[in-house]
Amino acid sequence: MTSGSIRPGGIKRAVTALALAAFALFGSVVQANPEPGQLNMPRGVTTYSNVPYFLNNVALGVCVVIGILVFGAMFIAMFRFRKSRGAVAEKWSHNTTLEIVWTTIPVIILIVLAYLATGGLKTFSDTTNAQMTVKVTGYQWKWRYDYVDYQGKAIDKVGFMSKLDRESDETRQLKSGLDPNAVKVDGYNTYLINVDEPLVVPIDTKIRFVITAGDVIHSWWVPALGWKMDAIPGIVNAAWTNIKEPGVYRGQCAELCGQDHGFMPIVVKAVPKAEFEQWLASKQQSATPAPAAASTAAAPATAQVAPAQTPKG
Amino acid sequence: MAHAATHDHHDDHHGAPSNFFTRWFMSTNHKDIGTLYLVFSLLMFFIGGSFAMVIRAELFKPGLQLVQPYFFNEMTTMHALVMIFGAVMPAFVGLGNWMIPLMIGAPDMALPRMNNLSFWILPFAFALLLSTLFLPGGGPAGGWTMYPPLSLQGDSVAYVVFAVHLMGISSIMGAINIIATILNMRAPGMDLLKMPVFVWSWLITAFLLIAVMPVLAGAVTMLLTDKYFGTSFFNAAGGGDPVLFQHIFWFFGHPEVYIMILPAFGLVSEIIPTFARKPIFGYKAMVYAIASIAFLSFIVWAHHMFAVGLPLGGEIFFMYATMLIAVPTGVKVFNWVSTMWGGSMTFETPMLFAVAFVILFTIGGFSGLMLALAPADFQYHDSYFVVAHFHYVLVTGAIFAIIAGSYYWLPKWTGHMYSEFWGKVHFWNSVVWVNVLFFPQHFLGLAGMPRRIPDYNVAFANFNMISSIGGFLFGASQLIYVGVIIHAVWFSKKKAPDRVWEGAKGLEWTVPSPAPHHTFELPPVIHDDELAHGHVED
Numbered sequence: 074m075t076s077g078s079i080r081p082g083g084i085k086r087a088v089t090a091l092a093l094a095a096f097a098l099f100g101s102v103v104q105a106n107p108e109p110g111q112l113n114m115p116r117g118v119t120t121y122s123n124v125p126y127f128l129n130n131v132a133l134g135v136c137v138v139i140g141i142l143v144f145g146a147m148f149i150a151m152f153r154f155r156k157s158r159g160a161v162a163e164k165w166s167h168n169t170t171l172e173i174v175w176t177t178i179p180v181i182i183l184i185v186l187a188y189l190a191t192g193g194l195k196t197f198s199d200t201t202n203a204q205m206t207v208k209v210t211g212y213q214w215k216w217r218y219d220y221v222d223y224q225g226k227a228i229d230k231v232g233f234m235s236k237l238d239r240e241s242d243e244t245r246q247l248k249s250g251l252d253p254n255a256v257k258v259d260g261y262n263t264y265l266i267n268v269d270e271p272l273v274v275p276i277d278t279k280i281r282f283v284i285t286a287g288d289v290i291h292s293w294w295v296p297a298l299g300w301k302m303d304a305i306p307g308i309v310n311a312a313w314t315n316i317k318e319p320g321v322y323r324g325q326c327a328e329l330c331g332q333d334h335g336f337m338p339i340v341v342k343a344v345p346k347a348e349f350e351q352w353l354a355s356k357q358q359s360a361t362p363a364p365a366a367a368s369t370a371a372a373p374a375t376a377q378v379a380p381a382q383t384p385k386g
Numbered sequence: 014m015a016h017a018a019t020h021d022h023h024d025d026h027h028g029a030p031s032n033f034f035t036r037w038f039m040s041t042n043h044k045d046i047g048t049l050y051l052v053f054s055l056l057m058f059f060i061g062g063s064f065a066m067v068i069r070a071e072l073f074k075p076g077l078q079l080v081q082p083y084f085f086n087e088m089t090t091m092h093a094l095v096m097i098f099g100a101v102m103p104a105f106v107g108l109g110n111w112m113i114p115l116m117i118g119a120p121d122m123a124l125p126r127m128n129n130l131s132f133w134i135l136p137f138a139f140a141l142l143l144s145t146l147f148l149p150g151g152g153p154a155g156g157w158t159m160y161p162p163l164s165l166q167g168d169s170v171a172y173v174v175f176a177v178h179l180m181g182i183s184s185i186m187g188a189i190n191i192i193a194t195i196l197n198m199r200a201p202g203m204d205l206l207k208m209p210v211f212v213w214s215w216l217i218t219a220f221l222l223i224a225v226m227p228v229l230a231g232a233v234t235m236l237l238t239d240k241y242f243g244t245s246f247f248n249a250a251g252g253g254d255p256v257l258f259q260h261i262f263w264f265f266g267h268p269e270v271y272i273m274i275l276p277a278f279g280l281v282s283e284i285i286p287t288f289a290r291k292p293i294f295g296y297k298a299m300v301y302a303i304a305s306i307a308f309l310s311f312i313v314w315a316h317h318m319f320a321v322g323l324p325l326g327g328e329i330f331f332m333y334a335t336m337l338i339a340v341p342t343g344v345k346v347f348n349w350v351s352t353m354w355g356g357s358m359t360f361e362t363p364m365l366f367a368v369a370f371v372i373l374f375t376i377g378g379f380s381g382l383m384l385a386l387a388p389a390d391f392q393y394h395d396s397y398f399v400v401a402h403f404h405y406v407l408v409t410g411a412i413f414a415i416i417a418g419s420y421y422w423l424p425k426w427t428g429h430m431y432s433e434f435w436g437k438v439h440f441w442n443s444v445v446w447v448n449v450l451f452f453p454q455h456f457l458g459l460a461g462m463p464r465r466i467p468d469y470n471v472a473f474a475n476f477n478m479i480s481s482i483g484g485f486l487f488g489a490s491q492l493i494y495v496g497v498i499i500h501a502v503w504f505s506k507k508k509a510p511d512r513v514w515e516g517a518k519g520l521e522w523t524v525p526s527p528a529p530h531h532t533f534e535l536p537p538v539i540h541d542d543e544l545a546h547g548h549v550e551d
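If you read the protein sequences in the order shown, they are chains S and E.
If you want this note's numbering, it's the 1-based position in the first sequence plus 73.
If you want this note's numbering, it's the 1-based position in the second sequence plus 13.
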């Protein structure tokens with residue numbers, strides 16, 4: 074076995090080198106939404122999203138190095154020690170030094186990985202000091218967003234349902250005859266990853282999400298934010314994000330939730346703070362004067378009623 | 014009792030009953046029951062595989078072309094249930110039934126009548142399960158994990174729960190039988206630490222089965238009472254907790270994962286030394302590694318639930334415990350490679366599948382290590398990356414090992430050599446197409462494609478099409494396997510010697526090929542140098 078030749082000191086250098094190589098390979102294209110032929114996880118657009126991306130690359134690098142060593146040794150063995158080449162079997166079946174080495178080295182690698190991952194977990198689990206709170210509720214098969222507070226002030230009556238856009242919905246019917254490739258917004262294919270009304274949030278703001286569900290378990294996942302969190306009836310989960318770049322970030326429900334599980338996308342539209350404040354103000358205004366449309370309170374009974382602002386297309 | 018029974022059926026001593034019904038339905042013979050298990054599992058492999066073909070056909074390109082989403086969900090659910098409980102587990106029980114008594118020098122399993130019962134429960138269990146597809150309301154569509162509240166929306170809960178209960182009873186009886194056989198019926202001289210690794214792996218697996226199948230039974234029973242008897246174990250509105258189900262399910266589910274891989278470790282640990290003509294490297298380390306993996310399997314269940322909102326301490330504990338599994342698993346892989354190093358290798362079909370197992374299972378292990386890192390798992394979880402991971406460990410892991418084992422012992426079972434040429438055709442097709450099938454799924458998951466969806470954005474189209482092509486061809490390749498088996502059983506003219514493989518060691522090679530209906534009626538006299546692990550020092 075050749076892995077006996079690795080020294081712990083070389084490992085860290087190899088890890089760093091490989092992580093860098095992986096960055097160079099995959100990291101040059103900064104993308105947030107799925108692209109054809111995409112090979113790696115997106116780097117994401119938040120203050121946190123680099124954590125899973127970096128861990129992914131480091132872990133992948135470690136696996137590639139170990140893979141090359143182990144499989145390399147295997148292939149050398151398979152060519153050198155063939156009976157057809159006259160190889161005579163040796164009798165040994167132990168090597169204590171080697172066994173200690175290949176038990177110890179993985180432990181060291183694991184400690185490094187665990188250290189990196191623990192830091193990321195601690196960052197992720199800290200939802201304190203949020204400047205804004207959004208309540209996310211999963212339903213079969215749409216999402217509801219309620220704006221709870223912003224900059225310390227409670228927000229009243231801003232909430233809406235967000236479901237698959239009409240074009241995708243018509244195209245995705247069995248034997249619709251419509252071409253999924255034709256579903257585009259600004260030249261980007263949005264088939265099954267577009268909604269009638271996106272979640273609008275400000276950038277450079279720590280946003281706390283409180284996530285729950287009204288019927289079965291769903292999971293709220295936007296890859297560009299770097300995490301997913303299950304939406305579970307009867308339980309309120311918390312997560313946070315702080316988006317650095319304005320843009321439209323797309324995701325999908327990630328927990329099997331019934332027949333239309335594949336058809337309840339998530340779209341987060343991140344805008345500059347001033348634009349968000351304008352948007353919020355107009356939402357609050359349109360919610361207050363029209364009593365008919367004011368039934369947007371978070372009661373599940375009204376869940377089926379789309380708020381006044383939905384008509385589109 | 015036992016003595017009276019053998020006396021009554023004195024004919025048994027001379028050969029198999031000639032009456033078809035008596036032989037196959039009333040059998041208490043470990044070899045015949047092993048054959049039944051193996052045939053059953055092959056049938057289920059094709060039924061489960063046909064569901065997979067429906068899945069891959071629908072996912073061939075974006076847009077729904079073939080099936081409604083609800084039916085698609087039935088397919089994913091049934092594919093998993095049939096493959097796990099119908100194909101992989103019975104295949105290992107079949108191999109255990111056939112080979113454990115032969116490997117330890119026992120005349121039969123310790124509890125032959127229970128052996129018959131534990132097999133014959135299975136056809137009924139799967140008839141129940143599969144019948145739901147033809148009933149109003151359809152089959153289960155909430156995933157094989159049966160998470161409530163979704164699974165309770167289906168109309169097939171009672172059928173599925175009853176079927177799972179039956180499968181569990183069958184597994185528990187099988188496990189009791191295996192433990193009783195190994196602990197009580199070893200021939201004199203077959204010390205525990207001289208047993209073949211396959212026997213060790215089954216002994217440990219059997220304890221896992223006894224420990225966790227009742228947990229699954231409890232979980233599904235609570236589903237049943239929640240659905241029909243007004244309880245609220247998992248109903249938040251009634252004071253219950255949907256996450257409780259996941260904890261109970263995965264306390265079963267993770268050991269279950271190892272139930273499906275530990276016997277595979279055992280098989281590969283028999284096959285590699287045979288074809289390397291060299292004793293296995295670090296026998297004791299192999300046994301201890303299996304035992305430590307089995308122990309760890311009980312304390313890692315919540316890594317399936319990193320995204321349910323566990324507290325920080327919980328995430329950290331389950332992440333560390335999960336990462337620890339890499340150590341004994343690594344030891345096993347290194348030991349297999351070291352067994353090959355310095356050997357005198359030939360590459361017959363069983364060896365090819367075993368070598369492919371080591372490489373491809375390790376790739377599945379690598380993605381498992383990546384999944385163990387909780388912050389990265391928040392991205393991977395429930396994506397196609399997970400689908401790729403568990404298919405690498407289950408298809409190129411468990412199933413490749415089962416296929417390797419079946420080629421390894423087929424000449425012993427049938428008395429004829431299988432066609433080496435067609436075996437190799439089967440191998441090369443399988444190993445190429447299985448990678449075309451599952452490797453691109455890593456990319457799909459990383460790019461953000463969730464699992465269990467019937468349709469997807471066009472960004473995922475190219476890799477899905479590649480994956481589907483690989484899937485169809487991998488499926489078709491398995492027809493070659495059936496052809497090879499049929500040929501070996503009924504048509505092959507080439508007689509197999511007793512010691513089928515030049516480097517094969519162990520008691521099973523001391524009996525004639527095909528193995529007579531009854532073997533080791535008198536315990537064999539064991540010479541340590543006949544055993545694969547007769548001279549274990551450390």
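Take the hints with a grain of salt, since some may be wrong.
Stretch by stretch, here's where chain S covers chain E in the computed footprint (C-beta under 8 Å, at least three residues) [said to hold, decoys possible]: (1) 147 to 158; (2) 235 to 243; (3) 304 to 310; (4) 449 to 460.
Please keep in mind that the hints were generated in silico from the structure rather than gathered at the bench.
Virtual Cβ for every residue (Gly too), placed ideally from N, Cα, C.
Those earlier numbered hints the structure runs against, lowest number first
2 and 3
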